[in-house]
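**Student:** Here are the chains, one letter per residue:
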Amino acid sequence: MANQKNEPTKGQGMSLGRRNFLKATAGAAAGAAVLPCFVPGKALGKDGATPASDRIVMGGVGIGNMGRGDQRNFLGRSDVQYVAMCDVKEGTRKGSKATIDKKYKNNDCKTYNDFRELIARTDIDAVHCATPDHWHALVVIEACRNGKDIYCQKPETKTLREGQLMIDAAKRYGRVVSGGSQRVLQDYRRVVNPCWEGKNGKIKSINVKVGPLPMECNKKGENVPNGLDWDMWLGPAPWAPYHPHRCSGSYRINGTCWRSFKDYSGGGMTDWGAHHFGGATFAIDVRELEPNKVTFHNDGGKKYATCHYPNGKLLHHNFPGQGNMHVIGSDEKVEAKPVPKYAGTGGIYGDFIDCVKTRKKPFRDIEFAVHTATVCHLFIIAYQLERSLEWDTVKQQFVNDAEANRLIDYERRTPWVL
Amino acid sequence: MNSKNIAKMTLAAGAVALAADQASAKTDAAAVDTAIKSLKTYDWGVDIKTLAPIEQAIIDTQKDAAGRKKLEKALADMLASGISRSAQDYVCRRLRTIGTGQSVKALAALLCDEKSSDIARFALGDICCCPTALDAIREALPKVSTKLRPGIIGSLGTHRDKKSVAALTKLMGDKDVLTARAAAHSLGLIGTPDAAKALCGCAGKAPEAIKTSVADAGLICAEQLLADGDKAAAIALYKGLKGDGMPKHVKVAAMKGMLTAASKK
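Protein chains in written order, with my numbering: chain W, 1 to 418; chain U, 1001 to 1265.
Treat the hints with caution; some may be incorrect.
To be verified - Incomplete in silico selection of chain U near chain W, CB under 8 Å:
#	residue
1	1151
2	1154
3	1205
These are calculated hints, taken from the structure and not from any lab test. The beta carbon of each residue, even a glycine, is placed where N, CA and C say it ideally should be.
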């Protein structure tokens, strides 16, 4: 909320209170100097509108396909004041600013090529991030260290180490950090509800069918289009020449978009895996846990793998003969428990905003989100090495497997460090 | 060997392409040799599937130390022979997985070149279980350009290289903001009492451009010290971070850290 310098938040053990909105709407530096001479009734909370002082001041980073959707959802909320956006594509910046300014009937939205400048603004309370996956950890951690709450699109991490660092940063600064899979709660009710209602007895396992694994990209370079900051698009990823398929935000994971490629994504295994594994771990109620083992199987060329949880539950990937979200339970009687739901109104976006206000954990708290991503990464590494692995959930390392431990993270391209 | 099938497997590009018919695929030495030689002409735009035998050899030599060593040497030699940036990229990615001390020299030679430094570090960083790899990165620090320094510094921090503390302390005062930020961050990750001392000394007087990085590094360093049982040093760092001039969220984090430290026996 505006003027956070003087207004402690509940997350920091103090009362939220009213907020000073004026600086926020006018931008970081110029805020105090551009007070409106006429304050409309809506800004004061008349006619059911949220008073400006109670609105969450937001900015967005990465406004491509998913980013636009996220932005639309936040922009449509009366309790959000959207003041800034960042993208490495000039055309996207122009289009996004036009949308935002049209909504507020002003020219106030500030645009940035470098997310660090947006995040450094002291008038912004919360940020949403929908960059390609290789940027997520850097953006989330930068937000936390600048005292911002953040909603980050799924898959939240590109490596195992990133997840732990993101959790640490959120905890260190007491930030609300929500992952961004709306499907986890909304798409799998037919699977989740019977499990939580005890209808499947004691759950033994669930199977997920998803893919493909990420691939390497060796596409020939083309001229960088005008208005694209290719160096910033690549960011921490290894240098590569521009090719439209590398940076296309298309959802087709077939080698024609960044979601297909190892340097920027975990392929379908993380892109759809964030949803499916998220739903599966929710259904069998292991969101709070990490697997401590992944077993790799190769039955005559038919490859599949299984994550093992400390409580004995199994999460299969491509288990032969089982469909997606296939649950194996038992006849044992199990007491029903209430299915967790979003806070506030407006789905996962409302959940995040509500938690920013109340300082509660969002439905897809970063810890749950990272646990889901961890499943994806464990499967990817097991398939890559074609062997079973033990995962030490405390040390965040593979047990007695130096080769697998090399795949926990990667060295980032200068100047990006994590 | 059916290279088409191997390519399917290693690249796993097809729909859930985990179930193929390559279970019995084994390394074909001649195909591997051919693939390695093809690196001399490999460039952006060449189908990566032509190198699939190398991928298969990496999997097949998991329990064959001699075979693995031979494969690694062939790749490192290729790197030293002068190949395209794309081929360097390919080889470094493989050495990241299978590299040992025998690849360090070839990789270290690329560290000062702006076009190859990052990808060489991409491999060396994961060979850091071998001390010579970390030595190579540390030794490159005074030789590389300003542009390359943050990356090198980041690697030294990630691997908690205690021998770098003095150099990083100095670089925290560098006029290049990205270098100074990276140095502070790496000191935080290294997390030794010496690193803490350096961060403590800088915390209150850091220039605006690196203030957030220094504060964040201080908090990370304090957590590391606490994990290592050095409660007194952690508390000293936290005290410095909750002083005037620090952003509110840093002060709160420092206070929270102090409470955690105080409750720790």
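**Student:** Should the hint that residue 1154(U) touches chain W count as held when the rule is a Cβ pair under 8 Å?
**Tutor:** Where the cut-off is 8 Å and the nearest Cβ of chain W is about 3 Å from residue 1154(U), the hint holds.
**Student:** Does residue 1205(U) pass the interface hint, meaning its C-beta sits closer than 8 Å to a C-beta of chain W?
**Tutor:** 19 Å, violated
**Student:** Grab the minimum C-beta distance from residue 1151(U) to chain W and call the hint holds if it beats 8 Å, violated otherwise.
**Tutor:** 3 Å, holds
Going through the hint list in order, the structure does not satisfy hint 3, though it satisfies all others.
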